[in-house]
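Top line first, the protein sequences correspond to chains A and B.
Anchor point for the first sequence: position 526 equals 526 in our numbering, and the numbering is continuous, going up by one each time.
Anchor point for the second sequence: position 60 equals 60 in our numbering, and the numbering is continuous, going up by one each time.
Calculated directly from the structure, the hints in this document are not laboratory data.
Some hints here could point you the wrong way.
[Stated by the list, open to error] Residues from chain A shown here face chain B by an in silico Cβ test under 10 Å; the list is partial:
| # | residue |
| --- | --- |
| 1 | G93 |
| 2 | A94 |
| 3 | T98 |
| 4 | F100 |
| 5 | T104 |
| 6 | L194 |
| 7 | L196 |
| 8 | R403 |
| 9 | V409 |
| 10 | V410 |
| 11 | P412 |
| 12 | G418 |
| 13 | F421 |
| 14 | T507 |
[Unchecked claim] Straight-line distance between alpha carbons at most 20 Å, and here's what the computed EDC-like set of lysine to aspartate or glutamate pairs gives:
| # | chain 1 | residue 1 | chain 2 | residue 2 |
| --- | --- | --- | --- | --- |
| 15 | A | K474 | A | D457 |
| 16 | A | K334 | A | E432 |
| 17 | B | K261 | A | D457 |
| 18 | B | K261 | A | D395 |
| 19 | A | K474 | A | D25 |
| 20 | A | K474 | A | D461 |
| 21 | B | K261 | B | E304 |
| 22 | A | K334 | B | E307 |
| 23 | A | K396 | B | E304 |
| 24 | A | K396 | A | E347 |
| 25 | B | K261 | A | E432 |
| 26 | A | K396 | A | D329 |
| 27 | A | K334 | B | E322 |
| 28 | A | K86 | B | D320 |
| 29 | A | K396 | B | E225 |
Each residue gets a CB set at the ideal place from its N, CA and C atoms; glycine is no exception.
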Amino acid sequence: MSAAQGTLSIGIDVGGTNTDAVVLDAAGTVIAWTKQPTSVDVTAGIRASLSDVLGQIGERRHEVARIMLGTTHATNAIVRRRQLGKVALIRIGAPAATSFPPFTAWPDDLRDAISAGSTIVGGGHLADGYPIAPLDRGAIVEFLDSIAGTFDAVAVCGVFAPSYSEQELEVEALVRAHVGIDVPVSLSHDIGDLGLIERENATVLNAALYGVARDVTRALFTAVAEEQLDAVTFFAQNDGTLMGVEFAERYPVLTIGSGPANSIRGAAFLSGARNAIIVDVGGTTSDLGVVVEGFPRESTLPREIGGVRTNFRMPDILSLAVGGGTVVDLASGKPSNDSVGFRISQEALLFGGSTATLTDAAAATGATPVAGLSLPAIDDATRAALGTALAIAHDKVESAVERMSLGRVVLPLVVVGGGGFLIPDQVLGATEVIRPAHAEVANAVGAAIALAGGRADHMCDYADRSTAIEAASKAAIGKAIQAGADPLTVEVVEVVETPVSYASRPTLKVSVKAAGPLARIGSETSNPHHTRGEES
Amino acid sequence: MGASYTRYMPSEPLHAAPPPARGRLITRDDIAALAAGAAIFGTGGGGSVDMTKVSVEIDLDLHGPVSLITVQDLTADDAVIVLSAIGAPSVGIEVISSANQMETILAEVARVIGRPVTAIMAAEIGGSNGVAPVGWAAQLGVAVLDADGMGRAFPEATMISMNVAGLPSEFAVMCDVIGNVSTLRPVNIAWLERHARALTAASGGSSLGAHYLLTAETAPGAVIEGTVTRAIEVGARLLASTDPLVDLADVLDARVLISGKVTDVERLTEGGFTRGSVTVEGTGSDRGRLNRVEVQNENLIVLEDGEVVVSVPDLVTIIDTETGEAISTEMLRFGQRVSVLAWPCDPLWRTPRGLELAGPPAFGYNIPYVPFVSNPELAAEVQR
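Chain A on its own, in the form it takes in the complex:
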């Protein structure tokens, strides 16, 4: 049986600590899963987890059609300032946009690690498409010559390029013709939405991550080749959709934030809910997110990555200082902001330690957080303080759930994570509390079920609204297909219209998202998420 007819999907999540893998069959059932330590070179961890799940499914390994990988590798490279490439930045828009030079407000060490130099050249457009200035090709060539040999990649960011992208494409061709056909070029209109500084920062980060991206994609290719699998490989991105590996090599920055997105979608999928509030209860925090029609709800606030302001689409996450290791102040009966973290198995009362934690509070009120362990004898005052702390933690979770639910009690609460016992079986603001099986590998499941998607923005007059939505939809669908979606089933899943306040002419920004199951050859679509959606 060739992979094109296979029906199994493997999801791999390369986290900072563990590399998890799951195998899903066509019905979306988890038929194998594993947790392996993440290795320094990435490859060993991927190899180990892949080998483990393939061992579990035996001969069915030949039915594996796709492998989807989610990773925090790019995020970690930026946060730790490691393995980053040197970037030459060309901003197009002078004389506009000269008041806030490139790399302004970057942390010094990150700027030193990444910047090979920058320039602001004539060009760019106004909101209505009128040119700010002719493109200054001479200045670009001069700039590239002045820093020749010092950069690994080029980033290009033009004023209003998300609406008028031709100039960035022209600069890409110019750079390739002048420097060499192989030089990687990041174009801002491929990376982000309106918001020049944030989009430019993201474009620069993307250009700096090409090396890191190659490491991970090669690790995946190596592991897949070693196992002699004939499967298509994908990367998960920050909005819960997938991209092809070639696309991921060009846009590595889009993998940032895929961890929470996969966790949210995976948890929702395991529970069978297309719309739900998700809570991932860890040792230190509880992270809440919302899944709406299969996609994580996105935050509207600007996000910083490694101290740099970007306008990435990121899941809307609410983090509470409520986790299994959260330290309880016995004097006041309040949960503190401190956690014993991974030291819980030495320090918590339940494990014979001397620090009262929320895990102990759960045990004191009748739960069994750890099978086979019960609390040592405690006095009444301690018991009362633990009870109070747990009640406060429950209150915090309830108001967070209420906040995420926007006040309508229509969504179930799906609980995943090792500290899930802290969540009561009934929570105000949620219709029910669901604790799905395989919750510990929700991230890898999320990767395995991701769709291919794309997004596009357009500014327009009110009168041209429908034309603009049509144009943005076409662009978004094009991007989704480029990311691997089946052209026959890809569809527009979201249209957001934002009126522009304070414009003299009524102006509108339309933002369109398209997504669809991955394209496959010679077989019916078997994306489990999609199937489930049709059932509901």
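Fit chain B to the given chain A structure using the hints.
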């Protein structure tokens, strides 16, 4: 020239040597407090202070502290010009100003008035436009006047103290990101607003502008004094506070109308304004009460049980109960834990002309203005 401005980020050095210091100095360390305070006086509008704060801090790093002078410090040699940014925030985040845009404006203003500009004043202290002038002053090597034209944020150019005082709006200078300079000689401020909007549209939706020449002679009584110092004071108290709600109410001499959570946000953008209402349901000792805040870019009116509790031009700000941070209209979300603060406006707005320009009817509300009193018991004792 209203309240919903873009964020402009100038930073190029224009003068080699800093001007001689006058008055007190605004240093880099004051900017976080100024931004936090300006957000409080933004009464929900005035534009986000986040990026402006960063760019002004960079300006002060590059050019050094800025002189903050009072109306009393003004001499016969002084010429003060009022500055603001015009345009939609959604355009401003993309079309960032050019490095010498404000310098171009000042040079043209000097040509028009026949003398150099020595100081600049914010059109409004509320929000981004209360913070940005400090950065412009650092670049241009001029002082900042410790005053503004609103004492808060308002959505329209006509709602400005110089208009209340009857100062004629004789000229304005605008410059766009391309470098196009327009000098206007409008018959009054209402026509200036109309023409400024049209020019801004032709410039792609954003521009910077200067209007109203103020002097030692004309400034007294035509500006709201001390508002920069006041914003820094309020912001500093907030940033240092462990009990923000109590401390803010104290430093603003404000009344906490309600503490609770946002249970409804209704928003509609029309005619260049964000209109809507926000419902806050009381919690704790306010349980069982509801306040509705009517919004038009800024927070205008608070209603409880159908009764008006406070209305424009008095100030209403919604803050995060935990952090004390002001929450602007576009950032309000269901479920936020908030408190609503109200306090009296500058007396200038309570004059007949002030109320004509910025009282409830100016915003389309057919209700009489009742002056807000933060502490009714105290007010009864101390007759002002």
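Hint-by-hint comparison with the structure:
For A/G93, the interface hint holds, since its Cβ comes within 10 Å of a Cβ in chain B; the closest pair sits about 8 Å apart. With its C-beta approaching chain B no nearer than about 8 Å, A/A94 sits inside the 10 Å limit, and its interface hint holds. This hint holds: A/T98 has a C-beta 4 Å from the nearest C-beta of chain B, less than the 10 Å allowed. Given the 10 Å rule on beta carbons, the hint for A/F100 holds: about 4 Å separates it from the nearest Cβ of chain B.
The beta carbon of A/T104 comes within 6 Å of a beta carbon in chain B, closer than 10 Å, and the hint placing it at the interface holds. Interface restraint check for A/L194: the shortest CB-CB distance to chain B comes to about 5 Å, inside 10 Å, so the restraint holds. Among the interface hints, the one on A/L196 holds; its C-beta lies about 5 Å from the nearest C-beta in chain B, closer than the 10 Å criterion. Taking 10 Å as the C-beta cut-off, the interface hint given for A/R403 holds, the closest approach to chain B being about 3 Å.
The interface hint given for A/V409 is violated, since its Cβ lies 13 Å from the closest Cβ of chain B, which is over the 10 Å cut-off. For A/V410, the suggested interface contact is broken, since its CB lies about 14 Å from the closest CB of chain B, more than 10 Å. Taken as an interface hint, A/P412 does not check out: its beta carbon lies about 18 Å from the nearest beta carbon of chain B, beyond 10 Å. Against a cut-off of 10 Å between C-beta atoms, the interface hint on A/G418 is violated, since the closest Cβ of chain B lies about 27 Å away.
Contact between A/F421 and chain B, as hinted, is not supported at the beta carbon level, the nearest pair being about 26 Å apart and thus beyond 10 Å. For A/T507, the interface hint holds, since its Cβ comes within 10 Å of a Cβ in chain B; the closest pair sits about 7 Å apart. Our distance criterion of 20 Å between C-alpha atoms is met by A/K474 and A/D457, whose separation comes to about 11 Å. Distance restraint check for A/K334 and A/E432: the Cα-Cα separation of roughly 27 Å exceeds the 20 Å cut-off, and the hinted pair is therefore not satisfied.
For the given pair, B/K261 sits about 33 Å from A/D457 by alpha-carbon distance, which is inconsistent with the 20 Å threshold. This hinted pair checks out: B/K261 and A/D395 have alpha carbons roughly 15 Å apart, not beyond 20 Å. In summary, the hint linking A/K474 to A/D25 is not supported, as the alpha carbons are separated by about 32 Å, beyond the 20 Å threshold. At roughly 18 Å between alpha-carbon atoms, A/K474 and A/D461 fall within 20 Å of each other, so this suggested pair holds.
In summary, the hint linking B/K261 to B/E304 is supported, as the alpha carbons are separated by about 15 Å, within the 20 Å threshold. Taken as a hint, the A/K334 and B/E307 pair is broken in the structure, with Cα atoms around 40 Å apart against an allowance of 20 Å. A C-alpha spacing of about 29 Å is found between A/K396 and B/E304, which places the hinted pair above 20 Å, so the restraint is violated. For the hint pairing A/K396 with A/E347, the CA-to-CA distance comes to about 24 Å; that exceeds 20 Å, so the pair is violated.
A threshold of 20 Å between alpha carbons decides the hint, and for B/K261 with A/E432 the separation of about 23 Å lies outside it, so the pair is violated. The straight-line distance between the Cα atoms of A/K396 and A/D329 is roughly 16 Å, inside the 20 Å bound, and the hint therefore holds. Of the pairs offered as hints, the one joining A/K334 and B/E322 holds, with about 17 Å between alpha carbons and a cut-off of 20 Å not exceeded. Between A/K86 and B/D320 the alpha-carbon distance is near 41 Å, which puts this suggested pair outside the 20 Å criterion.
A threshold of 20 Å between alpha carbons decides the hint, and for A/K396 with B/E225 the separation of about 44 Å lies outside it, so the pair is violated.
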